[in-house]
Amino acid sequence: MSYTYDEAMKDFDPVFGIEVHVELNTKTKMFCGCANEFGAEPNTNVCPVCLGLPGSMPVTNEKAVESAIRLGLALGCSIRESSRFARKNYFYPDLAKDYQISQYDEPTSYEGELDVVLDDGTVFTVGIERAHMEEDAGKNTHVGGSGGIQGADYSLVDYNRGGVPLVEIVTKTIEGAGERTAEVARAYVATIRDIVRGLGISDGRMEQGRLRADVNLSLRPKAADGEDQSAVPFGKRSETKNVNSLRAIERAIHFEVGRQADLLSKGEPVVQETRHWHEDTNSTTPGRSKEQAEDYRYFPEPDLLPVEPSREWVEELRGTIPEHPAKMRARLQEEWGFSDLEMRDAVAADALVLISDTVAAGAPAQAARKWWMGELARTANEREFTLPELPVTPADIAELQGLIDSGRINDKIARQVLAGVLDGEGAPTAIVEARGLEVVSDDSALEAAVDEALAAQPDVLAKIQEGKVQAAGAIVGAVMKATKGQADAGRVREIILARAGVEG
Amino acid sequence: MSTLSRADVARLAALARIDMTDEDLDRLSGQLAAIVDSVALVAEVAGEDVPATSHPIPMSNVHRTDEVRPSLTQDQALDAAPEAEDGRFRVPKILGEEA
Numbered sequence: 001m002s003y004t005y006d007e008a009m010k011d012f013d014p015v016f017g018i019e020v021h022v023e024l025n026t027k028t029k030m031f032c033g034c035a036n037e038f039g040a041e042p043n044t045n046v047c048p049v050c051l052g053l054p055g056s057m058p059v060t061n062e063k064a065v066e067s068a069i070r071l072g073l074a075l076g077c078s079i080r081e082s083s084r085f086a087r088k089n090y091f092y093p094d095l096a097k098d099y100q101i102s103q104y105d106e107p108t109s110y111e112g113e114l115d116v117v118l119d120d121g122t123v124f125t126v127g128i129e130r131a132h133m134e135e136d137a138g139k140n141t142h143v144g145g146s147g148g149i150q151g152a153d154y155s156l157v158d159y160n161r162g163g164v165p166l167v168e169i170v171t172k173t174i175e176g177a178g179e180r181t182a183e184v185a186r187a188y189v190a191t192i193r194d195i196v197r198g199l200g201i202s203d204g205r206m207e208q209g210r211l212r213a214d215v216n217l218s219l220r221p222k223a224a225d226g227e228d229q230s231a232v233p234f235g236k237r238s239e240t241k242n243v244n245s246l247r248a249i250e251r252a253i254h255f256e257v258g259r260q261a262d263l264l265s266k267g268e269p270v271v272q273e274t275r276h277w278h279e280d281t282n283s284t285t286p287g288r289s290k291e292q293a294e295d296y297r298y299f300p301e302p303d304l305l306p307v308e309p310s311r312e313w314v315e316e317l318r319g320t321i322p323e324h325p326a327k328m329r330a331r332l333q334e335e336w337g338f339s340d341l342e343m344r345d346a347v348a349a350d351a352l353v354l355i356s357d358t359v360a361a362g363a364p365a366q367a368a369r370k371w372w373m374g375e376l377a378r379t380a381n382e383r384e385f386t387l388p389e390l391p392v393t394p395a396d397i398a399e400l401q402g403l404i405d406s407g408r409i410n411d412k413i414a415r416q417v418l419a420g421v422l423d424g425e426g427a428p429t430a431i432v433e434a435r436g437l438e439v440v441s442d443d444s445a446l447e448a449a450v451d452e453a454l455a456a457q458p459d460v461l462a463k464i465q466e467g468k469v470q471a472a473g474a475i476v477g478a479v480m481k482a483t484k485g486q487a488d489a490g491r492v493r494e495i496i497l498a499r500a501g502v503e504g
Numbered sequence: 001m002s003t004l005s006r007a008d009v010a011r012l013a014a015l016a017r018i019d020m021t022d023e024d025l026d027r028l029s030g031q032l033a034a035i036v037d038s039v040a041l042v043a044e045v046a047g048e049d050v051p052a053t054s055h056p057i058p059m060s061n062v063h064r065t066d067e068v069r070p071s072l073t074q075d076q077a078l079d080a081a082p083e084a085e086d087g088r089f090r091v092p093k094i095l096g097e098e099a
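Here the protein sequences come in this chain order: L and H.
Note that the numbering used here has the first sequence beginning at 1, numbered continuously upward.
Note that the numbering used here has the second sequence beginning at 1, numbered continuously upward.
Fair warning: there could be bad hints in the mix.
Which residues of chain L face chain H? A few of them, derived with a C-beta cut under 8 Å, are [to be verified]:
{"id": "1", "residue": "N25"}
{"id": "2", "residue": "L51"}
{"id": "3", "residue": "V59"}
{"id": "4", "residue": "N61"}
{"id": "5", "residue": "E81"}
{"id": "6", "residue": "R84"}
{"id": "7", "residue": "E113"}
{"id": "8", "residue": "L114"}
{"id": "9", "residue": "S146"}
{"id": "10", "residue": "G147"}
{"id": "11", "residue": "Q150"}
{"id": "12", "residue": "A152"}
{"id": "13", "residue": "V307"}
Hints listed in this document are in silico derivations from the structure and should not be mistaken for laboratory results.
Since the structure is predicted, the reported quantities are computational estimates derived from the model, not experimental observations.
C-beta atoms are modelled at their ideal positions from N, C-alpha and C, and glycine is treated no differently.
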């Protein structure tokens, strides 16, 4: 490949669009009462409805409708007064009915707008075409060959995921992002993820497929100086599927921009097709060609009645929409007094909610940040967990910090206590009591330990008395050792200096 | 004047994965065209003021609360499957040799 992303930007103008599928975290599926859960034994969360058995009848999940409307509102969409479901017909083994229940010409939510904040604070507004409800498909496992669909001998299907509620969010065509195209795309998907988490309607975990992105992209020649870029017609586009991490979105766009720029510069056509993203090679390969114009023969789903949310309900739901993630971040940063770097690191580590909850549980913001971004981030890294997966709660951290602030334990002991919490020994206070870890604040015990240490090292006492106050460190160390680290080092130092008759 | 051509019927048959002989297409395109043309007469009667009707019964918002109901067991689910393996439905290879 000869064109790099940056070089391509000198000659071409990218135009793109993104489809995001969000799996909702309802207890049950979209159209039946089977559990919506990840990781169950195959084909145990299935029933006649989601297996598409003859005579079964779907019924909409009210909670899923509510979640879809709330998401639409958070994306600034209008909510249609009457929307219908439609059948999208196609044959694929992960689709038991040979059609997917989706929405076609009357999606629940339409015409929205989402502000996306880039790393340097630039705000880019992405137009939202629609957000509609549909059902997920089952999961195919290919047997034989290399384990992929190509060359497989046969496939096995688990329908547990079939019928899980999805909301598909479709952007309008995005123009004018130029060299920031990859960055805008990534930030857009990150914002959607933050929004669904903020709404509590999905955990948005891309690595588990709860949030999936397809990226449409085309290039057109860059307009000459002074010419109107938007007057240049669009090129043919590719649709890259299966882009399942934020980093992959950026990389997939880099790859497609380079690939298409190469073709166009050689005078070859870009084929309008679906392409698959490969995480291992950072490249895309062609899937089925869109030239066989997909014909899904959509028609209104006769087994489901229209969804007509009352205006009162919609307004009630509007009241439950949290503030925009970027605005919330700006507010929290101000309240917490974090630097830009501290804030960016906390966001990148998925620690914002954890820090916020720790602060709500009574800890100072900087202390909460230090725990989550320091000791806990290290532990998470070692155990290959994400921060939210660690077996410790914000309340535990606030309790631990409270023990330090009240002088019952010191920083060093606190780390031991935290290790105990992570190992499932219980809450911090209980661990301190069970293990007898409280700081020795009884002066007579400390004085005895200091005297013993001074007697063992008489030369040190002489040095301190000569004015070499830093020599006291050796005695502090000896006392800390004798008390198994449970002494308050500052207090020990005061006692040593008093014994030596020196002012601290 | 038929609104449904023989090519339309062939295309629909292909989309629906129904094998049709030339005789099938000749016969069915005539019959289907007659049906489509008959239904099209409705459009001549219904004016602009009559919305297209997908659901004739005036009902909406029939929802279910989000409560888990018993599912089938794996054995029940796979009972009528032509083939099963490892608790899953076994299906023939999805992509043909040319793919």
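So, going through the hints one by one against the coordinates:
For N25 of chain L, the interface hint is violated, the least distance from its beta-carbon to any beta-carbon of chain H being 10 Å, above 8 Å. For L51 of chain L, the shortest C-beta to C-beta distance to chain H is roughly 6 Å, which falls under 8 Å, so the interface hint holds. Annotation: V59 of chain L was flagged as interfacial toward chain H, and the flag holds, the nearest CB pair being 4 Å apart, inside 8 Å. A least Cβ separation of about 5 Å between N61 of chain L and chain H falls short of the 8 Å threshold, and the interface hint therefore holds.
About 10 Å separates the beta-carbon of E81 of chain L from the nearest beta-carbon of chain H, more than 8 Å, and the hint is not met. Of the supplied interface hints, the one on R84 of chain L holds, with its beta-carbon coming within about 6 Å of a beta-carbon of chain H, less than 8 Å. For E113 of chain L, the interface hint is violated, the least distance from its beta-carbon to any beta-carbon of chain H being 28 Å, above 8 Å. Annotation: L114 of chain L was flagged as interfacial toward chain H, and the flag is violated, the nearest CB pair being 27 Å apart, outside 8 Å.
Proximity of S146 of chain L to chain H is violated relative to the hint, the smallest CB-CB distance being about 13 Å (cut-off 8 Å). Among the interface hints, the one on G147 of chain L is violated; its C-beta lies about 13 Å from the nearest C-beta in chain H, farther than the 8 Å criterion. The closest approach between the C-beta of Q150 of chain L and any C-beta of chain H is roughly 6 Å, which is under the 8 Å cut-off, so the hint is satisfied. Among the interface hints, the one on A152 of chain L holds; its C-beta lies about 6 Å from the nearest C-beta in chain H, closer than the 8 Å criterion.
The interface hint given for V307 of chain L holds, since its Cβ lies 6 Å from the closest Cβ of chain H, which is under the 8 Å cut-off.
The earlier numbered hints that this structure contradicts are 1, 5, 7, 8, 9, 10.
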